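K.L.:
Chain residues, written in single-letter form:
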Amino acid sequence: MAVIEGRPRRGALLPWFGALSGTRGGALAIFVGRRILWMIPIVFFVIVITFFLMHQAAGSPWDRTGGRQLSQSVIDNLNAKYGLDKPEWQQFLIYVWDVIHFDFGLSYQYEGKSVTSLLGEGWRYTAVIGGLAFLLIVPVGVGLGVLAALRQNTRVDYATMGFATIAASFPNFVVGVLMVVVLSVTMYKLTGGSFFLPSSDFALDDHLIMPVITLSLLPIAYTARLTRASTLDTIRQDYVRTAWAKGLSERLVVIKHILKNSLIPVVTTLGPTFAFLVTGSVIVETVFNIPGIGRAFVVAVESRDYPMILGTTVLFSVVIAVANLIVDVAYVFIDPRVRLT
Amino acid sequence: MALAQPAVDQPIDWEVAEKQVGLWGDAWQRFRRNRLAVLGGVLVLFLLLVAVLSPLLVHFGLIQDPYHQDVANIEATPGMAGHPLGSDELGRDTLARLMYGSQISLTVGLLVQAIIFPIGLAIGLTAGYAGGRIDNLLMRFTDIWYAFPDLLFVLVVVSVWHPSGSPFFQLLPIFGAIALVNWVGLARLIRGQVLSIKEKEFIEAARSSGSAPIKLVLKHLLPNSLGPIIVTLTFGIPQAIFLEAVLSFLGVGIQPPTPTWGQMVFDGYEAVYANPTSAVFPALAIGCTLLAFSFIGDGLRDALDPRMRR
Chain A
1 MAVIEGRPRR
11 GALLPWFGAL
21 SGTRGGALAI
31 FVGRRILWMI
41 PIVFFVIVIT
51 FFLMHQAAGS
61 PWDRTGGRQL
71 SQSVIDNLNA
81 KYGLDKPEWQ
91 QFLIYVWDVI
101 HFDFGLSYQY
111 EGKSVTSLLG
121 EGWRYTAVIG
131 GLAFLLIVPV
141 GVGLGVLAAL
151 RQNTRVDYAT
161 MGFATIAASF
171 PNFVVGVLMV
181 VVLSVTMYKL
191 TGGSFFLPSS
201 DFALDDHLIM
211 PVITLSLLPI
221 AYTARLTRAS
231 TLDTIRQDYV
241 RTAWAKGLSE
251 RLVVIKHILK
261 NSLIPVVTTL
271 GPTFAFLVTG
281 SVIVETVFNI
291 PGIGRAFVVA
301 VESRDYPMIL
311 GTTVLFSVVI
321 AVANLIVDVA
331 YVFIDPRVRL
341 T
Chain B
1 MALAQPAVDQ
11 PIDWEVAEKQ
21 VGLWGDAWQR
31 FRRNRLAVLG
41 GVLVLFLLLV
51 AVLSPLLVHF
61 GLIQDPYHQD
71 VANIEATPGM
81 AGHPLGSDEL
91 GRDTLARLMY
101 GSQISLTVGL
111 LVQAIIFPIG
121 LAIGLTAGYA
131 GGRIDNLLMR
141 FTDIWYAFPD
151 LLFVLVVVSV
161 WHPSGSPFFQ
171 LLPIFGAIAL
181 VNWVGLARLI
191 RGQVLSIKEK
201 EFIEAARSSG
211 SAPIKLVLKH
221 LLPNSLGPII
231 VTLTFGIPQA
241 IFLEAVLSFL
251 GVGIQPPTPT
261 WGQMVFDGYE
271 AVYANPTSAV
281 FPALAIGCTL
291 LAFSFIGDGL
301 RDALDPRMRR
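Chains A and B are the protein sequences, given in the same order. Position 332 (the first sequence) corresponds to 332 in our numbering; numbering is contiguous. Position 126 (the second sequence) corresponds to 126 in our numbering; numbering is contiguous.
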């Protein structure tokens, strides 16, 4: 975990923070500052890898499959317009400079549209579905996990863990397809997204139910398994036995003593969960034909719209990095045992 | 070293009550007692058999040719017109395509681990054994790789390189991309193992008796961390199968007409109202295969964890 991993040579990276390190608040400031600085090389690296990978692709974006090829003068004009006439390293520097200014360049597949505007059209769907899934994962996953742990080795426990084991193995596109077959095709319940209709038909109403469940099922299973394990750990602690011995009500013991402490390890998985939701959106939006960023990414990959691929990858990596940062900082507040190094 | 001989002539009862079991024998016994793990193992063996035997079965006419289009019976429901599991939108037999599809899935799952293992081993061992600056450098490097969302990276790589030709040749960039995003976990695990084992007494004993570093690594460090490595590689198999299936589902994996499960799910899904079963069977095949491998992984983890040994 990043909290533990940060190198203890305090002040080596940020000498001007050295004076702060005496207090806990100062230590926290250093920790957050270092984590924010660490995001820069990560995002830079993602840009480097993706950018130079893209430029390895054979052919140019102006090649036509079959039919008449564009004339050389048109290609030259297009190259000049998209900045492809400059040497590669220069293109790279220009791109990085533009990204810093939130300009991801022009899309190849939709003429005259910028990547930023395409991302702007789709983010609403991706954010709503991902956000709802996130809101579902924590209470359902934690609830199932605590329930299974409190009823350890009973039918409730076996049923919950059986469900979690199966759900953790079924990839989300499989879950989505099976759900459409069962609910929409055979039972005529719920609108199964608009997978054959133009994507503009997708509305943020009961179309959301299946995508959100599809997206959240696997993280729910993981969270439930983890919560069960950590709750079983907590139940055996002395302070829980003391709480029971004091004659506290079950409600109080479970909520104040067990739940509070067994949630700590669950918080650490929220970062990876968030990353999973982001990449999962690529799949779920394809299954249900949702016009979000994930779907736009797949379309860009299919039509080799490199600026769009690059822009989406950078955006996703930044979102994931920020989510991890927030989780790590939240962890420090939740668990006082964490040492800031 | 010779043991001191007993002074009396009478043979001594050494009290070896049961047969001695080594680490691997013990692990095997524990694995065998885990019913789910055995079930997973049987399923995987069955799949391997199917993958190897399906060309033979086609040759002897026991199943249909997965590429043959029975144009009179497209989207057949299961059991119709000699298609036990129905046919797809081009009239190809679903059962035969399902059986052929296992070849791709298993190849990806197993071969990717064969690529990951040396990479993770080299980086993890070097970082853990060398320590200091080298360790720091390598771990920052793995941190950065770790930050790259895996599905996105694989999609980007596959969008750049998509060779045509034989299915195996088409698989190469997919192998490479999946391996490149998945070695990080193994490298970190091996480093952690090496760091913890490095401080143990028997390593100190070996070192003070003059073992060369390379011998120390190969004879002591590696065998002692083999259990967790095997578990990690086992869990890597379903991960790789999943990524390949997603690529095929998204239409950027192996090109048709080679049957792959992900592609079959997509094809069936496009015609889901006409014939829902043609999406269901490959979907279940993917789910059950991943489940089988994770049962094996769970079983191996319980069997190989030395802390749980009697």
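If you are wondering where the hints come from, they were derived from the structure by calculation, not from laboratory data. Owing to the predicted nature of the structure, the values given are computational and were not obtained by experimental measurement. Ideal placement from N, C-alpha and C gives every residue a C-beta, glycine not left out. Hints are supplied without guarantee of correctness; some may be wrong.
To be verified - Just so you have them, the derived chain B footprint on chain A, three or more residues with Cβ under 8 Å: (1) 113 to 120; (2) 126 to 138; (3) 150 to 157; (4) 166 to 172; (5) 279 to 289.
K.L.:
Would you mind marking each hint as holding or not holding in the structure?
P.N.:
Checked hints:
Look at the region 113 to 120 of chain A against chain B: 0 of its residues bring a Cβ nearer than 8 Å to a Cβ of that chain, fewer than three, so the hint is violated. A count of 0 residues in the region 126 to 138 of chain A with a Cβ less than 8 Å from any Cβ of chain B is obtained; the coverage claim is therefore unmet, three being the minimum. Counting residues of the region 150 to 157 of chain A whose CB lies closer than 8 Å to any CB of chain B gives 0, so the stated coverage by that chain is violated, three being the minimum. Counting residues of the region 166 to 172 of chain A whose beta-carbon sits less than 8 Å from any beta-carbon of chain B gives 5, enough to reach three: the coverage restraint holds.
Taking a C-beta to C-beta cut-off of 8 Å, the region 279 to 289 of chain A contributes 5 residues in contact with chain B, enough for the three needed, and the coverage statement holds.
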